Structure formats: structure tokens, C-alpha cells
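J.: Protein sequence lines correspond, in order, to chains A and B. Residues in the first sequence are numbered consecutively from 1, following the working numbering. Residues in the second sequence are numbered consecutively from 1001, following the working numbering.
Bear in mind the hints are in silico, worked out from the structure with no lab data behind them. Predicted model, so just to flag it, every value in this text is computed and none were measured. Among these hints, one or two may not hold up.
[Claimed, not checked] In silico lysine-lysine, DSS-like type, Cα no more than 27 angstroms apart, as pairs: (1) A/95 with A/591; (2) B/1122 with A/795; (3) A/288 with B/1105; (4) B/1074 with B/1097; (5) A/95 with B/1105; (6) A/591 with B/1096; (7) A/95 with B/1126; (8) B/1022 with B/1115; (9) B/1005 with B/1096.
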Amino acid sequence: MQRIISFFRHIFSPVPEQQLSPEELRIAFRKRYANFRGLLTANNNALQAMADLEKVYYGGDSYRMAFIRSKVTTILVNVFKMIRNLLAMSDGKYKELETIFERIGHDIDAIIERRPDIRQGPFILPLAEVNRQEKDQAGEKMANLGEVAAIPGLTVPQGFVVTSSATRHFLTDEYLVEINRRLQVILPDNLEEMYKGCAEIQQMIRDSPLPPDLEELLYVHYARLERATTPHCRVALRSSALGEDTAGVSFAGLYRTVLGVDRESLVAAYKEIIASKYGARAISYRRKRGYRHVDIEMCVGCLVMVDALVSGVTYSLDPGEEESEVIRINATAGIAKGVVDGTTITDLYLVSREKPHAVVYREMRQDQAASALTYGQIKKLAEAALLLEQHFGQPQDIEWSFDHQGTLYILQSRPMLKSRAAEPEEDTARMAQIEEREAPVLLGGICASSGIASGPVFRVDSAETLCQFPPGAVLVLEHPLPDWAPLLSRAAAVIAEHGSEAGHLATVSREFGIPALFGLPGAMTDLVDGEVVTVNATTRAIYRGRREDLLRMQTVRRNIMAGSPVQRILTDLLQHITPLNLNDPDSPQFKSTWCETLHDITRFCHEKSVSEMFNFGQIHHFDQAAAKRLVGKVPMEWWVIDLADGFGDGVHIEDKSIRIDDIASVPMLAIWQGISAVPWAGPPPVSVRGFGSIIFQSTMRPELDPAVASALTVKNYFLISRNFCNLSVRLGYHYAMIEAYLSDLLTESYVTFRFKGGAADLRRKTVRARLLADVLQHYDFRVELNSDSLLARLKKKPLEYLKQRLQILGYLTLHARQIDMVMNSPGEVNRYRDKFLADIEVMLAGDTPPILGESDHGGE
Amino acid sequence: MAESKKLLLVDDEADFRDIMGKYFSRRQIGFEMAGGCMEALDWLGREDFDVVIMDVSMPGLDGLECMAEIQKVKPDTEIIILTGHASINAGLIGMKKGAFDYCLKPVDFDELLEKIILAREKAAAKG
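The shape of chain B in the complex, shown without the other chains (with noise of 0.2 angstroms):
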């Protein structure tokens, strides 16, 4: 996996997030995490991130409406929607505009983490 940058986990959900940090730090994979749309643009303009692991469902811009500013922002980031069973639809939705791919809430962790290696690659291969 490329070692330099790291990858950004956005979800308004607390437990969520503990939850991911201690499987991120088990891995030794660098992350930041952000509560919301807002608090990821801001760690956007600060370090690099290649990809970005976000809810769909989050109060103020949701995960598709904040998919939008980052491509703006940064377009060569890769992300990857988590989906709950009720926002299913957001999984295709989000592809169609830009996605590396999607993951199904609750998450499995295996098959997040070959997401991301794949999201990785892609976003290396970008330069």
C-alpha cells in the first residue's frame, strides 16, 4: 500500500468512527477523520489524501453533496460511500457521479480494506 499519504474517514457517527480508527491503526494505515463535510474540506486544504472513505447519510451535505466539493477541490482523490440499507441507492448514484466504489454499512472489513487498495492504486496510477 503506499505509505506517504493517508486517507480521510468522514461520518457523523461517533461509535463509527472509534470503531474505524482502531481497525485503521491495527493495519498501521494513516488517517484522519472528520465529522462532517465541513470539517473534511478543511483537512483537505491542509494535507494530501489520496482516498476518502465517506457516509452517506450526514446532517448539513450529505456524503453525495460533499463527494461533489471534494471533486472540485482535489479531483484526483478517490472515494469510497458507505451506504446504509435505507440509502442503498446512494451506492449507484454516487458511482455514476464520480465513486471509486461503495460498501455497505455494516461494514465489512476485509473487503473495505481491498477497496481501498484498489482505490489506491488508481489514485497512484494518477500520479
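Chain A with its partners taken away, still in its complex shape (with noise of 0.2 angstroms):
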């Protein structure tokens, strides 16, 4: 309230005279406006492109860092943009907004420019050297393979590990600019594109030269393989990625391995491996699963290949039979790479856990019976199997080969991956499957923050009502206003007939995590307080009573992205953005200096610029020969000044006056319709104490002495474009201004009405202002009232509702003059709210022809 009141202060109390010519009084609107239009087109831009970032977040589908980088420019743009526009309208009032938003860009470019850490090592690391310490050198695999090696009664194929440093040796920066140049433009929409694109990646990796001195390592650890095992040994390469290491992603079977590889294409197959980083379905999958590719390095283990009898995959517990608890075998005659690709028909074994390790199963499907494991290969397997789930200490998933000379190898061993949930696609179905049972009672809208909740319906419409909100309730609106926002702790879920998904309130349904269905029509009259409903706003359903089976749906939800790098960033990046601390424009933190995010950013400015258009007409002192005035049956007098296009064709700048029908602002003649819609029935009578007082004020303020009538105690005055109109009505002891921007667009349009003063005494210009306050709020008017200061507006309404809204303010400028005189009686309260209001259902209903006093009904 505070704020209404320097406000008024400020309109009341003199302003320096700064006389403007009506061509610089034009300009100066012009200028202005054009900086206000700016403003809230950018605050749309950049609340849409924040609601898209939250819906991405909280929707559980998946998203790209691209995605997040657009976005976030984006807003960052539309904040700057905003920011320019407020300074240019306040004569840079402002300017340390600046600076909070340089700050605030500064944060946000660190999270979105943040890279792993990276650590220089060696180019090549013997296999048996590596361990879970070397993981960002030799990458997962190899690193787990190392500690497998180091492990008493267990054997790896002896080998080497191409790590990370050595990737980086090889595709320098300047490749990977490259690489993220072309990989930026691949849309993962178009497959083929898609596969072509990446194809081409791979072709430049293997088209380009190994550096000589990795060239050379490669050489000379291969050698010494040849020493240890024999000449011309044959080397398997396997990928190693590093960064893989979330819960519940599998990487699996995404990157190449390369079996059978001598001397000769040692260099061809490393660089195969490398490439297959940039493989179409590794990119997918690491752009659906939230990862970036610079969060993936790719390590090369190169592993003497084992002249293998039989080969398989054993997982230390099956993950099909989780009641019996058994070890599961899969095996095949020769390498196991058929077993891994799901290529070869496998013989199967379950086996116990305990000892003897009895194989409990069996399913022979291969023909050969020679490859059938013995007794004892089985029992060699299920120790080695309990044993590296020992070490890692979970179940693990392990790839094997016996050679012809019966020596068990392991050839890797992961963590295997926990039985996922029911996909998504699922849940939607088995949801749809739900919700037939019952219809729902409102059905529509947006959805602004998804989500399912139950609670009795509270609707709330006043400051009143917002402090009773019960907490749990399913808080119901007319309007989605941010001045909602505090009860969003407390609600369980939201519903409001207006607003959609870019809004304040819907930015902060979200980030509270509680569903908000918004823009559904009747929802303050279909739903009753007390009643309880189930809200999935989702689905964008109501239902009567609480419905558990829908509730129960809402834990089954899974993020893909949960725990990934590009989501990591996400919960960083909207922390500087979406959260909104100015939430109440009246508290003395609603200051730039409390702008936190640029969500904050965004609701100052806002609020600030719908100020600094509201003050237009009251710091600009116009020129008043620009004015013409308003000549034919009027009743008193009315002075019109055009700022840009407001007039028809055919009137002369020097034009002394002007009639009715040459005037084209929209507002301007809706207002006009309500001011000439009724002939105002002259002063009411004045008893000689309320008499008393007007003299009484006179003496105390020269001002108001009707005798010193200055220019502006006696004229009333629009300013006016075509979509313009302020109308300043200053009638000696009462103050009231009318501003409306009417426009096809919503966000642009917008009615307020000021009303202060009076004759009387401050308890009856009080009451008048609260029968006024009344009417209005009758009329959906969002009132604010201290005393007698009055502040009514309307904001994003169609065209047609504002113009007659606006009618009913001209109908109240005119008839509420000097009734303040009066207002020391209830009777004659009810009688001027009846009489009111009964004209101006008179008024709407449209058809009463404009009534123009046939005189003047005289000044006040």
C-alpha cells in the first residue's frame, strides 16, 4: 500500500514546469511507448523460453545441451532487452540492474561452459599398472580389467591401455571444434541426416594421422606383447569410455570393438575405436540420456586375443530370477562376441550360488556338444563370478573365455544394471486406461506444471481469501497472478481459468513440484470450497473425490535424465533463473537490489515499466495550445491532445477545436460513450455541514479555492493515440485518470483507473472511494484501496470487454462527482451503488443510444 500512497504523493505534489511542444510531447510518447511495447513483448519471450526449460526439467523426457543453450540466450536476451527498454524509459533510473544482470550472465555462462576436469597422464599404461585410480586415464572398462588382474586367483589377457591423454594428443581442439561444429547442426530428428553426418565425423577420424609419437608408443608396447605371448600375436582393441559412470545407463555395445588385429592395422583399428565415439547411436542414446559429448572420453584397451575354446557371460546374479538366487551362464563355442551382440544361439546354465555351485538349470541349444561346459569350467566360473562380485561389490555382469589349454579368462566385468521400471509410454496407457472408469467433472486448459494431487477445493479471489487458504487445498483462481504465489507452498495443486504455462505462477507451480492446470474456463463456478477433487493436470482432467488409483500413478514416473551431466547443469542453470523472490510489488524488497534471477529481473522491470507509462502524462507538462477542445452537446469542458495518430483525417494542426466524430483513438471513444451514456443528474443536495467543510479545505488549500482556478483545476484533458487514451479529470476538489492501451495482442492491453480526493471530509471521500471500489470489483476490476486513493486495473483481456470496461469508468467519472458530499449516509451509499449499477447494466446491454446533455450541466 505503501507504494500507492508515494505515488499519489507524487502525482499530487507539484512537478517542476517542463513545457513541451506537441511535436516533442509526440516524440517523447512515441519514444516512450515504443520502449514499453519492447518491454512486454520481451517479457513474454523470455517467461515462454523459462517455461520451456522447466517443462524439459520437470517432464522427463529428454533434452539437449543445444536445446538448454538456445533457450538460455534467449532469455538472457529478452532480460537484456527489458533492462534497456525500463532504463530508456526512466531516463535510466535503474542502472544498477545492469549490473546484477552482468553478474548473474557471468554465473550462468560458468555452468554452461563447464568441462570435466581433465588430468595429464601417459599416453599408454600397462594393463596390469591400472586400477579404479586410473579411471579418467584408462576409462571404465579397462580400469575395472586392471583391478580383475590384480585379484588372486584371476587372469586377464595381458595388454595395454590407450588412455584419455593420449585421445586428446590425437583429436586436439582443433578437431573437436570441428567435430562440435558439425555435430551442432545434425538435428536428431532426421535420421538420415543424421547417420550421414555422423559418418562423415568418422571418416575425418580415420582419415587423419596418428601423431608420431603415439604412433610410435603403439608400436613398442605392441612389441613387447609380441615378447611376452608370440610374434605376430593377434590384439583385440576394445573401447574404454570414460564418464559413464551414472546408475541405471548402460553405454552398452554402443562403441566398437575390433577382434583379429595385427601389426598392420594396429593404427587403423585404434582410430576405428576412437571414431566410434561419434557412432549415430552413441550420439543418440548420449543425447537422450543427458550426456554431452564432451562429458565421454574414449580410452582403447588393446588385448592379446585368447585362443578360446568356449566363451560367455556370466551374471553373478540373474536378474530374471531374483527369488532363487542363482548364477546365470551363457555360453558358445570360440570368442564371446556373438554372446554380447545377442548374434549367437548361447547354451544356458543357472547355477547356485552356494557351494558346490549344482547347476540348478540347463538348456542345451547349440549343436555342438564339444563346446558344452564341464562340471568343472561351471565351478570355475561361479567362484570367479561370486569372487568379482565381491570385490566390486555388486552383482556383476562378466564376459569370459576358456582357452584350449583350460585357463579361465576375464575379459571384463561391469556392474550390472538394476531391472529398470515400466517405461513411460506405459504408464501414459495404463493411465488412460484409469481415468475411463470415471468421467472427469472439468476436462481442458493447459498444463502448466504437470503433476497429479488431491485436496478440497479453495478458491480465492481477495486478500481476504488468500489468508484463509487451508493448507493441502487445491487452490482455485479467476487469474494465475504472481501475487498468488505464496500460497504455492502450501497448495497441493493449482487451477485457474486464465494464464497459461508462461506465467509467473505457473514458473513457480513448477519449481515447487505441484501440478498446475491453467486457462480452464469455469473453474470458479463448476468447483465448489470444501469439495474434494483429484487434479492431473497432466492429462488435464478434474475428478470429483480422491481418486488413489490416479494418485498411485504419479511414483511411477522414472527421469531418463536423472543424474546426467546435461541435467546436473539444467538444476544449476535454472537456480539463477526461474526462482522469484519479488513476489509482492507492495514490500519494501520489491527493490532492484533484491533481484536474485532473472526471473526477478524480469517481474521488476515489468512492474517498473507499467509505472513509468502510468507517469507519463503527470511528468510531462504539456504544451495546452496543442489541446483542442472538444466542441457539440457535451456537458463541461474536455481539452484533446493527439500524440501520434488519435485524430481522423481532415483536422488542421491549428485546429482550436475538435468534434467527437473526428476522433480515432479506440479508448478514447469508449470512454466518451460512458461519459455521454447518461446525463448526469447535477449535484446532489448538500446539507450545511458538508457545505462547511469544502470551505473548510479551500482555506487550507489555496489550490482548491474554485475562485484561483488554474489551467488544470478546470480542464479535462486525453491525451491520445489511435490505441491510446489518458484522460486526466482534475474537477477542482477530486483527482481521477483513466489510461488504457487498447490492442489486438493481450499481453499489450491494459485499463487502470486512479481516483483520489474529494470536497468533503476524509471519512466520506473514504466511503465514496469504497463505493467506487465496489463497482468496480463488481466489474472484475483488481482494486487497491488506501483511504481514499483509489488504483483499478485490468490487464490481458479481449479488446471487446475492455472497451466496456472502459465505458464504465467514463459512466463513474462523470456520475461520481461531488457525491462524496453525501456520503455521510448508508442509505444514500446503497441508493448511488444501486443507481450505478443499474446503469451501467443499462449502459452495456448496448442499445441505449448515446444520451449528449442538451446544456451543459455545468462544471463543479
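With the hints as a guide, bring both chains together as one complex.
T.: Shown next as C-alpha cells:
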């Protein structure tokens, strides 16, 4: 409320005279208005982009870094525009916003550009020297295999790891910039383009020469393997990626393994595996699960090939048989590749985890009986599996081979994936099935924040009801105004008749994780306070009662991006973007210095820009010579100043008067309809006491003395353009202002009414302001009332609706004159309220031709 | 839309210039094209343009450097920067250096058209 008081203080305190010519005034207005429009548009764009980010963040579907970057840029640019526009409108009053914006922008940049820490190490490490500590050099797979090599009783093939340091030595930043440039333009939806682009990137890597020092080292280490085994030994080159450490993300089978490699094909095979990081499947998988390419680094294991008699895969705990707890072994003749790929027919053994590891189930699917595992082999495999499980502390997925000498080689051991929850697609289908059981009481609207919740309905339409809001209730509103934001921490869900996913309240709903369903007509009328409903914002439906079946669905949703680097980045980014700390414009904390997020800045700029527009007519005292007198059969004197295109054709600048037919300003014409709809009944009969108070006030404030009329006290001014109107009515004892901008774009449109003062004592003036407030609230205005100052506002409504409201304001401006004199009698108050409402209804019914007063009714 | 002045498209990619040229012609928007900054400056020396649409990544002087040059010789020209995903930071940097707006490639034509209209309004307001 403090704000209103200071506003009026500002209006009524003398402003230094600043005479502007009509032309200067027009330019000033046009500039300010262009900035205001620009600010509103930027505000919408910024909020929409914030909503887009939150939608993907809370929605559970996957999103890409490119998406985040583009949305963040949209937000930054639009917030920047808002600040620039506000500074232009306010002559640089809020300059500190620039500093705050720079600081937030800097934090955001740091998060977006965050890279994994890189430690430079040797290009090649012998497998025997590798352990988990070397993970950032050797990659997951080889780091694990190095650990296995150190476990007594287990054998791994001899080999070495070409490290991530070597990869960076090969694919230098120059290459990465080029690769990233190509990746950026590959759209995820276009598969054909994706495969083509990936093939090109991979070819580029194959065609690039290995640095000579790295190539030489490769040969040196290969020669060592030869010496340790046999000359011309064949090796297997396996991918060992880095950064795939998130639980539930498998990365299985995305990268290449090249078998039977000799000295001649060694370099080519190495490059092949490095290139496999950019395979189409790997790229789309990373995108889907929230990994940036920079998050994954490729290392290469080079292992002497085992002359395999039989190979296979062991799960130390069969995921399919959780009850019985058995070891599962799939085996095939020769090498293990086919088992992993799933391309080869395998024999299946289920083996007890207890000694002596009896085979509990056997399924022989291969033709060659020769490849069948002996009990000795099965026992060895079971012991190895339990050893590995014990070492790594969780069930393992193990790849192995037996050579012709009967030695068991462990080729790979990694944590087993836990069984996955139902896919989201299945959930939706199940949900639809359940929901068919009973028809929703309301259906439609816009899902502003997805989710399901239940609670009793509580409708809030005023500050009083706000205070009574019970925790856990479903908040039902007409407009999702930011003012209601404090309720969201207590609400189970929020429903509004208007609004979209881009508003402040939508943002806050997502922040709190409560379902929000906006733009749902009839919510305020069809829902009854206290009735328990279940809101499914995701399917945009409201059901009677508490629907446990639906509420249970809520827990099933699984976030595919959970724990990924991209999700972590977005989590951190949103902290600087969406939380709203500036909720209440009346609070002393509603200051630029309290802006902590980009959302705060948008809210602040928007609020201040509106005030700056309102102040236009007051700050810029206009040259009265520019005003034209409105002539015709009109009560009182009215003067019109054209700011831009408010007059029709054929009006000359020199003209001293103008007719209503020459006015082209849509909002002015609407106000005028209201002014001229019902003739003014003249001043009410005033008691002696009432009259005395006028005289008293006049001696106290000489400017109110009708005898010393200044220009402003006798003239009523319209400042107009085609879509804009600011009417100042200053009739001796009271001040009224109507301002409106009407546009086809809802976001640009608003109507504001301010009213203050009167000749009577404060109590009667206050009663009159209260009476006006009642009438305006009846017609959906948002009203703020403090003593005898009234501020009523409407925003984002359709053109016809706003035109009607302007008529109402025009009517009230004329008819509320001087009634403060009789506002000491409750009967009179009611009589006027009833008369006003009745007149307005007749007027809005529309068919009354405007009645223009035959003679002037005289001013106050 | 203001009738007299033309807009200037600056982009080193011939394919992109072709597409945009067809688009502008279809909407009867007067335009000229330049394949680089020098060519753009030549055009600006010869004729009046109210709006310049300029790609950020060009060989030689890049879009932001070129914008600085244009601002020296034709300060009233409104400039719309085109950025790719790889150069998206240039959007904000360009705005801070006085660009009217930015557009992300691949370009959404309707979005670009609205930005052109608004840029022209602003250029016209300057005189």
C-alpha cells in the first residue's frame, strides 16, 4: 500500500514545470511507448523460454545441451532488452540492473561452459598397472579389468591401455571444434542426415594421421606384448569410455570392438574405436540420456586375443530369477563376441550361488556337444563370479573365455544394470485406461506444471480469502497472478481460469513441483469450496473425490535424464533463472537490489515499466496550446491532445476545436460512450455541514479554491493515440485518471483507473472511494484501496471486454462527482451503488443511444 | 512496412542467400545481398538501407566486427544478427554492442519477418 501512497504523493506534489511542444510531446510519447511495447514483448519471450526450460526439466523427457543453450540465450537476450527498455523509459533510473544482470549472466556462462576436470597422464599404461584410481586415464572398462588382474586367482589377457591423454593428443581442440560444429547442425529428428553426418565425422577421424610419437609408442607396446606371448600375436582393441558412471545408464554396445588386429592394422583399428564415439547410435543415446560429447572420453584397451575354446557371459546374480538367487551363464563355442551381441545361439546354465555350485537348470541350444561346459568349468566360472561380485561390491556382468589349455580369462567385468521400471509410454497407456472409469468434472486447459494431486477446493479471489487458505487445499483462481505465489508452498495443486504455462505462477508451480492446470474456463464457478477433487494436470482433467488409483501413478514416472551431466547443468542453471523472490510489489523488498534471478529482473522491470507509463501524463506537462477543445453537445469542458494518430483525417493542427466524430482513438471513444451515456443528475443537495467542510478545505489549500482556478483545475484532458488514451479529470476537489492501451495482442492491453480526493472530509471521501471500489470489483477490476485513493486495473483481456470497462469508467468519472458530499448516510451510499449498477447494466446492454446533454450541466 | 529503403543480407553461404532471396522476393521485400563484410560496406556506401541482416560467422571480418564497421559509417542502420547453435553467445554479445535483435539459424522465417518489421519501425522513428 505504501507504493500507492507514494504514487499519489508524486502525482499531487508540484512537478517542476517542463513545457513541451505538441511535437516534442508526441515524440516523447512515441519513444516511451515503443520501449514499453518492446519491454512487454521481451517479457513474454523471456517467460516463455523459462517455461520451456522448466517443462523439459520437470517433464522427464530428454533434452539436449543445444536446447538449453538456445533457451538460455533467448532468456538472456530478452531480459537484456527489458532492462534496456526500462532504462530508456525511466531516464536511466534503474541502472544498477545492468550490474545485477551482468553478474547473473556471468554465473550462467560459468555453468554452461563447465567441463570435466582433465588430468594429463602417460599415453599408454600397461594393464597390470591400471586400477580404479586410473579411471580418468584408462576409462571404466579397462580400469575395472586392471583391478581384476590384481585379484589372486583370476587371470586377464595381457595388454595395455591407450589413455584419454593419448586421445586428446590425437584429437586436439582443433578437431573437436570442427566435430562439435558438425554435431551442432545435426538435428535429432532427421535420421538420414544424422547417419550421414556421423559417417562424415568418423571418416574425418579415420583419415587423420596419428601423431608420430603416439604411433611409435603403440608399436613399442605391441612389441612388448609380442615378446611376452608370441611374435605376430593378434590383439583385440576394445573401447573403454570415460564418464559413463551414472547408475542406470548402460552405454552397452554403443562403441566398437575390433578383433584379430595385427601390427599392420593396429593404428587403423585404434582410430576406428576412437571414431566410434561419434557413431549415430552413440550420439543419439548420449543425447537422450543427457550426456554431452565432452562428458565422454574414449580410451582404448589393447588385449592379446585368447585362443578361445568356449566363451560367454556370466551374471553373478540372475536378474530374471531374483527369488531363487542363482548365477546365470550363457556360453558358446569360440570367442565371446556373439554372446554379447546377442547374435549367437548360446547354452544356458543356472548355477547355485552356494558351494558346490550345483547346476539347477540347463538349456543346451547349440548343436556342438563339444562346446558344452564341464562341471569343472562351471564351478570355476561360479567362483570367479562371486569373487568379482565381492571385490566390486555389487552383482557383476562378466565376459570370459576358456582357452584350449583350460585357463579362464576374464575379459570384462562391470556392474549389472538393475531391472528397469516400466517405460513412461506404458504409464500413459495405463493411466488412460484407469481414467476411463469415471468422467472428469472438468477437462481441458493448459498443463502449466504436470503431475497429479488431490485436496479440497479453495477459491481465492481477494486478499481476505488468501489469508484463509488452508494447507493442502487445491487453489482455484480466476487469474494466475504472481500475487498468489506465496500460497503455492501450501497448495496441493493450482487451477486457474486464465493464464498459460509461461506465467510467473506457472513457473513457481513447477519450482514447487505442484500440478498446475491453467486456462480452464468455468473452474471458479464449477468447483465448490471444500469439495475434494483430484487434479491430473498432465492429462488436463479434474475428478471428483480422491482418486487413489490416479495418485499412485504419480510415483511411477522415471526421469530418463536423472543424474546425467546435462541434467546437473540445467539444475544449476535454473537456480539463477527461475526462482521468484520479488513476489509482492508493495513489499519493501521489491527493489532492484533484491533481484537474484533473471525471473526477478523480469518481474521488476515489468512492474516498473507500467508505473513509468502511468506517470507519463504527470511528468510531462504539456503545452496547453496543443489542446483542442471538444465541441458539441457535451457536458463540461474537455480538451484533447493528440500524441500520435488519435485524430481522423481532415483535422488541422491549427484547429482550436474538434468534434467527437473526428476522434479516432478507440479507448477514448469507449470512455466517451460512458461519459455521455446517462446525463448527470447535477450535484446532490448538500447539507450545511457538508458545505462547511468544503469551505474549510478551500482555505487550507488555496489551489482548491475555485475562485483561483488554474488551467489544470478547470480542464479535463484526453491524451490520445489510436490505441492509447490517458484521461485526466481534475475537477477542483477530486482527481481521476483513466489510462488504457487497447491492442489486438492481449499482452499489450491494459486499463487503469485512479481516483483520489474530494471536497468533503476524509471519512466521506473514503466512503465514496469504497463505493467506487465495490462497483469496479463487481466488474472484475483488480482494486487497491487506501483511504480515499483508489487504483483499479485490468490486464490481458479481449478488446471488447476492455472497451466495456472503459465505458464503465467513463460513466463513473462523470457520475461520482460531488457525491462525496452525501456519503455520510448509508442509505445514500446504497442508493448510489444501486443506481450506478443499474445505469451500467442498461448502458452495457448496448442499445441505449448515447444521450448528449442538451445544455451544459456545469462543472463542479 | 516502410516502402522505400531496402534491407541488406550479409552471409558467406551462397545457399542460404538463395533461400532468403526467394523468401524476400515472394514477400516483395526489397533487398540486396553481400557475401562478406567488405561487399556489405560497399553496398552501404552506394545505397540507403534501413536494416542489415548479418551472419555472425563469416571469414574475414566476422558479423560482430562488421557490425562495428557499419555502426561507424551508418549509425542509424538497425542490425539483426544471425547466429548458429555453435555461435549462440554472439546473440547476447551482439545485442550489447547495439544490434537490434538476433535470430537463430536455421531461421524461422515468420520470426525473422516480425523482427524486420520492428527493426524498420525503429529505424523509421530515428528518421
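J.: Next, verify each hint and record whether it holds.
T.: Outcome of the hint check:
Between residue 95 of chain A and residue 591 of chain A the CA atoms are separated by roughly 12 angstroms; this keeps the pair inside 27 angstroms, and the hint holds. The straight-line distance between the Cα atoms of residue 1122 of chain B and residue 795 of chain A is roughly 26 angstroms, inside the 27 angstroms bound, and the hint therefore holds. Using a Cα cut-off of 27 angstroms, the hinted pair residue 288 of chain A and residue 1105 of chain B holds, with the two alpha carbons roughly 22 angstroms apart. Straight-line distance between C-alpha atoms of residue 1074 of chain B and residue 1097 of chain B comes to about 15 angstroms, which keeps the hinted pair within the 27 angstroms bound.
At roughly 32 angstroms between alpha-carbon atoms, residue 95 of chain A and residue 1105 of chain B are farther apart than 27 angstroms, so this suggested pair is violated. Using a Cα cut-off of 27 angstroms, the hinted pair residue 591 of chain A and residue 1096 of chain B holds, with the two alpha carbons roughly 24 angstroms apart. Simply put, residue 95 of chain A and residue 1126 of chain B have alpha-carbon atoms about 24 angstroms apart, close enough for the 27 angstroms limit, and the pair holds. With a C-alpha separation of about 18 angstroms, the suggested pairing of residue 1022 of chain B with residue 1115 of chain B holds against the 27 angstroms cut-off.
Our distance criterion of 27 angstroms between C-alpha atoms is met by residue 1005 of chain B and residue 1096 of chain B, whose separation comes to about 26 angstroms.
The structure shown violates just one earlier hint, number 5.
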